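Peer 1: Single-letter residue listing:
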Amino acid sequence: MSVLKVENLTKKFGKFTALDNVSLELQEGEVFGFIGPNGAGKTTTIRSILGILKATSGKITVFGKDSWKDAVEIHKRLAFVPGDVSLWPNLTGGEIIDLFIKLNGSNNKSKKEELIKLFDLDPSKKCRTYSKGNRQKVALIAALSVDADLYILDEPTSGLDPLMEKIFQECIRNLKSEGKTIFLSSHILSEVEQLCDRVCIIRKGKIIETGSLKELRHLMRNQITIETKSTVSDLENLKGLYGLTVRDNTYNFQADADKLISIINHFNSYGIVNLESMPPTLEDLFMHHYSNGEVNSNV
Amino acid sequence: MFNITGSKVLSAFILKKDYKRILIWIAILVILSFYVAKSFPSLYPTDMDAKAIVDTLANPAMIAMLGPYYGDTNSFQMGAIFSAEMLLFTALAVAIMNILLITRHTRKDEEEGRLELIRSLPVGKSAILFSTLSVYTVVNIVMGFLIGISLALAGIESMNWSGSILYGMTLSATGILFATTTSVFSQLTQTTRGTLGYSFSFLGFTYLLRAIGDINSEALSLISPLGLIMRTKTYVENVWWPILIVLALSVIIGYIAFRLNNIRDLNASFIPVKPGKKDASIFLQSPLGLAWRNQRGTIIGWAIGMMILGASYGSILGDVESFFSGNEMYQKLLEGIGGAGSMVEQFVVMLYAIIAMVGTVPVLQIILKLRHEEKRNRLEHILSRVVSRGKLIFSYVTLATITSLIMSFAGTFGLYSASASVATTHLKFSTMMKASLAYLPAIWVFMSITVLLLGMFPKAIKVIWVYLGLTFATIYFGGLLQLPEWVSNLTPFGHVQKIPMEDYNIISGIVLFAISISLILIGNIKYRTRNLEG
Ligand SMILES: Nc1ncnc2c1ncn2[C@@H]1O[C@H](COP(=O)(O)OP(=O)(O)OP(=O)(O)O)[C@@H](O)[C@H]1O
Ligand SMILES: [Mg+2]
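Those protein sequence lines, which keep their order, are chains A and B.
Heads up: the first sequence begins at 1 in the working numbering, then just goes up one per residue.
Heads up: the second sequence begins at 1001 in the working numbering, then just goes up one per residue.
Derived by calculation from the structure, the hints in this document are not laboratory data.
Here the structure is a predicted model, which is why all the values come from computation and not from measurement.
There's no promise every hint is true.
[Stated by the list, open to error] Pairwise CB distance ranges (calculated):
#1 A:56 with B:1118: 35 to 41 Å
#2 A:120 with B:1510: 57 to 63 Å
#3 A:110 with B:1019: 54 to 60 Å
#4 A:158 with B:1028: 42 to 48 Å
[Claimed, not checked] Derived list of chain B stretches under chain A, where covered just means 3 residues or more per stretch with a C-beta under 8 Å from a C-beta of chain A:
#5 1380-1393
#6 1519-1531
Beta carbons are placed, not taken as given, at the ideal position from N, Cα and C, and that holds for glycine.
Work out the full structure: start from the sequences and follow the hints.
Peer 2: Listed below in structure tokens is the structure:
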């Protein structure tokens, strides 16, 4: 069953088109990654889903209801962490978490205490003295304390240290095992990689790819460094190899995922001494799409 | 001692950000001064008219509101009348301008994290404060000169160059004084609201101290910077020493600001932050609870301020009374002019209007807070939960309505308790309260216009302050400047009956009430169907 469905969403701010025909769909129980660089339109999409922004055109349904008209009804089953957590400086973290839980219409104090311990937050401090990470924790704890069906998280780990990031990922896995649906926006590919079943890539307000990571992986190039015993020849004829630099017998290049095996085999015949492979970063992914886009537009 | 590296660039930056605001303020003040001066001959064409206005200006009620009249009571000089009517109020406007603009560049930028960026550049620790104060010192001086020149050019016989320039410089000195005091308050508190709160309280305090002082004790007036600066006696004796004292005072206050700024951390203040509660109390469980929690300091502070305002005016009622009762000629004169009721009553009626208009400020602030929350991305937290926009707006309107009642009561209570002890004409509390409550529908119209702006033109919402300012000027000066009736009809406050001099007219109350309900409804609908910024 689809929990969230965005159909041909377009959002304009004056003349500027922030979202252009965005469509996506979340099935019940899946963790969905929404990635894109700064200013791509992630937050704008999420605000439209929450009924805070009114779509210029297109349709958004959450739990089968209209996101703009039935916002309050929808929010009864939804938890949200904003991308830019700004809190009231004169209230303490504890007070804000309580208020948020109350406004969500639930009252789960034990879950709150547990999460405060888990995330190691001092709830008696005024928000003006919180660091960015601590403000993020307040919003996270408030959202995770609620028993919702859909969790919408806008760059939830920004400002968290690696230890806290781990704890957060643990929480998400628990939610997933309980069958909750999660919409996770991020610009860090590795985070999305670890948690998400499916991802969707947005850039300049347009969706450029949707699918499982495995499906997308083939589109990506790994960064490879190989050191060999003897000098490798015949490199020009290798398919799927880009951006080669050579120093002594060390070769640095990018390789298409589907050509990787044949490339490595070729190198192996010269005796591989050392091999390093870096998974593609989000930037690589975009570079790939960008150059693809160029090619397509040239055709 | 104070590192001001980078001040040149920063000053240019401040000017670039602010030149429009500065130009608007200066233009308004210069044009207003010029226009009023220019229209003086037609306002008081005969000696009889001049005599009447001088008598009015010399009575304690007017002195409390406008400051003393220094001119000769027998020969009528337009210059003396002009400075008695206009100087104090223009000085208040200049003070407000400085408080708002200085806060913007000091605490507001700091609270919103912009100073951090600037301070990470090769910029001295005191550079921001230095450039802000330098720019505004120059702005104040230029403004003073322009006002002075425009007055001299207005072509009024008794308003010569030396008096006009002094008039302008008096305003410059006032501006510089409030620029420096605001910069001290912005060191002492951690929030924009705190800085504004302390600065405006200080302004109110100096104003009231002067009001009491001008009537009872010269010493009190001299202690109040605002009272002191009025001692330039422009167009009469033209004395310069008050300006020198105020400037010297500003230098000392400015020095204190620099010292405080130098010894504190960025984002820190000298008023410490206590640890708070781990859990939300039962009051903090709804949007209304949150609105109250965020505004209670403002509301309580204003309530106390309103009480002091009422009490200060109340405390001079006795003097007003004895002034008139001891002077049969005045009573005859006033009856001749056709004023019903005693002069005391007339004064009291004016006070209700003032209390109502001042009390409107916190009411509007509450509605404006909703816009502020939106701009700071905090509404997202609320509206992404089970709260509708209608409920959110309703919470703020409720709080604002309650606040209007609190302010009305606090002001009247202060007025009553102080006047009961000094005045012999016993005014009943219930009558006073009735007169004060009659203004509530007018206050609500203001509130509802703000709601309408929030829904329809959120970017222009601050226009409401201009409207309130103009309303204040109209009601305050309407009689003095003989403004035509239709001008006062343009503001809801012009449609409120002057109890006890006039009978209460329930119809106008109902009409105002109906207007505010419909404006709120429209505003609410518009608010529910627009984009929120955050
Ligand atoms: N209220 C607004 N008015 C005008 N333009 C806006 C508004 N809100 C967002 N934009 C623009 O829309 C685009 C998308 O912004 P959005 O905040 O959705 O990006 P994002 O993907 O969340 O980026 P980030 O990773 O930096 O959070 C940006 O170019 C932004 O400048
Ligand atoms: Mg964002």
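Peer 1: All the hints need checking, so say for each whether the structure fits it.
Peer 2: Cross-check of the supplied hints:
1. A:56 with B:1118: 35 to 41 Å: holds (37 Å)
2. A:120 with B:1510: 57 to 63 Å: holds (59 Å)
3. A:110 with B:1019: 54 to 60 Å: Given a distance of about 57 Å, which is inside 54 to 60 Å, the answer is holds.
4. A:158 with B:1028: 42 to 48 Å: holds (45 Å)
5. 1380-1393: That given contact holds, which follows from 9 residues of the segment 1380-1393 of chain B lying within Cβ reach (below 8 Å) of chain A.
6. 1519-1531: holds (count 3)
When each numbered hint is compared with the structure, no violation occurs for any of them.
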